[in-house]
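Participant: The lines below spell out each chain.
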Amino acid sequence: MRSRSCEDFTEFAIAAWPRLVRTAHLLTGDFHEAEDLVQTTLGKVYGRWRRIPPGAQDAYVRRALVNNNISRIRKRRVVHLFTPFLPERPARADSDMVDDRAAVFQALAGLPPRQRAALILRFWEDLSTEEIGQCLGCSPNTVKTHLRRGLAVLRNAPDLTSYAAVLGGNR
Amino acid sequence: MSVRPDLGIEQLTMALEEAAERISPSAVPLDAITSHGRRYRRRRGVLGGVVVGTGAALVVAAALHGFGAPSTPSPVARTGNSTASPSGEQDVPGKVRLLPVGEKIVPLEHIVMWLTENGERWQSHGDPAAREQTLADRRVDRKTRDSIWQGESTTNRLYWHGLYYGPGTQRAAGAVATTREGKQYEAHLVTTPDRPDWGVWYADTPLEMDDLPHSTNKSEVTTITIYDSQGGILLVSKGIETSPPRKS
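So the protein lines, in turn, are chains A and B. Per this note's numbering, the very first residue in the first sequence carries number 1; after that it's consecutive. Per this note's numbering, the very first residue in the second sequence carries number 1; after that it's consecutive.
To be clear, the hints were calculated from the coordinates, so they are not data collected in a lab. Built from N, CA and C at the ideal position, the CB exists for glycine as well. Any given hint could be a false lead.
[Unchecked claim] In the SDA-like style, the derived pairs of lysine to any residue whose C-alpha atoms are separated by at most 20 angstroms in a straight line are:
hint, chain 1, residue 1, chain 2, residue 2
1, B, K95, B, T169
2, B, K104, B, Q123
3, B, K218, A, K144
4, A, K144, B, I9
[As the list claims (entries may be wrong)] Output of the computed footprint for chain B on chain A, the stretches with three or more beta carbons under 8 angstroms from beta carbons of chain B:
hint, segment
5, 13 to 19
6, 22 to 29
7, 109 to 123
8, 131 to 140
Could you put together the complete structure from these sequences and hints?
Facilitator: Structure, rendered in structure tokens:
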């Protein structure tokens, strides 16, 4: 890769890394898996960097991240339990902060990957349904369906409803 | 189940923002990203012409593997004629460590673990929230010898660890972790001095990504085998389902 292009990529990666890791964490539910996912995605992007039109890098990387995550879930057949949620949590040493965060992830974990991605892209990345459709490779109407169904599931998730109650009541 | 139909978009947005903002990403692993990218580009460049040659190359690589310089840690070279000590004990792979409850060790860089009264706790990458797995886990059936386990990645290794348990007082004396590719790695055992019926094993394997875009890891541990001091197998625990190695 030419040095100018390499510098561009480095600059982009440093700037995009924190937000990509956060998005990936919401997608995967696990910090280390999130960083691995972003690292893999950026590695692929690095390999194609010169072919990505300037100005389209953000959308390209976001799309690659979401698709890599869906592929990862589809392909992985070994149950690893790369997850911070243990079936039994008898020791309550963790702080409320961790519990709150876990509640969000646990609620999201119950969703199919595309519904989860749609919700995160809409409500965390603040994308429009058209942009989400481009990212997921589906129509805006399909995105709306994903969002509607995903929200319906979350409304019934006890962990997130308790979290929402805290948010609604105290903030 | 309590239903809250008033969970709205605003709450969800706030919940996601709260959860996301509390995540502290580590430094950008630029070297790893760029070397990954170079590998990816090379693979895409050569895949068209070398599919036939790959099988032969893999055979040669597999044949040479046993004679190459060992990495750290190296896969286990287990032979059928292990040596016996005067007491009749076999030379089993793996290391055992008696560890008092609460004493912390660092099994791998970025990982801190310690035993509790009924399991293990660990922290990784400085995450202040310790995680744990215990014998109270509903997957644990103490009447059978088995293990619950999991893996996680560090910067450049995969860390595998689990609780083993079962009836009887026969102490585990060694363990081997076998990867999806069939390579075997010595595992470490950690037990409390007074509880032979359970303990913790851990092993680490290299981060060897398979072909993109799916990027499964060739060094996923799929089987853990734990031995007694006579070299007999105490338990074999497998992942639930194992995908075959991908062929390029």
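Participant: Hint by hint, say whether it matches the structure.
Facilitator: The hints, checked one at a time:
The straight-line distance between the Cα atoms of K95/B and T169/B is roughly 19 angstroms, inside the 20 angstroms bound, and the hint therefore holds. In summary, the hint linking K104/B to Q123/B is supported, as the alpha carbons are separated by about 10 angstroms, within the 20 angstroms threshold. Pair hint K218/B plus K144/A does not hold up; C-alpha atoms about 38 angstroms apart against a cutoff of 20 angstroms. A distance of roughly 13 angstroms separates the Cα atoms of K144/A and I9/B; the hinted pair therefore holds under the 20 angstroms criterion.
Counting residues of the segment 13 to 19 of chain A whose CB falls under 8 angstroms from any CB of chain B gives 4; the rule of at least 3 is met. For the segment 22 to 29 of chain A, the stated coverage by chain B holds: 4 residues have a C-beta nearer than 8 angstroms to a C-beta of that chain, and at least 3 were required. Given as covered by chain B, the segment 109 to 123 of chain A passes the check, having 3 residues with a CB less than 8 angstroms from a CB of that chain where 3 are the minimum. Note: the segment 131 to 140 of chain A has 0 residues with beta-carbon separation from chain B under 8 angstroms; the three-residue rule is not met and the coverage is violated.
The structure does not agree with the numbered hints 3, 8 stated previously, though it agrees with the rest.
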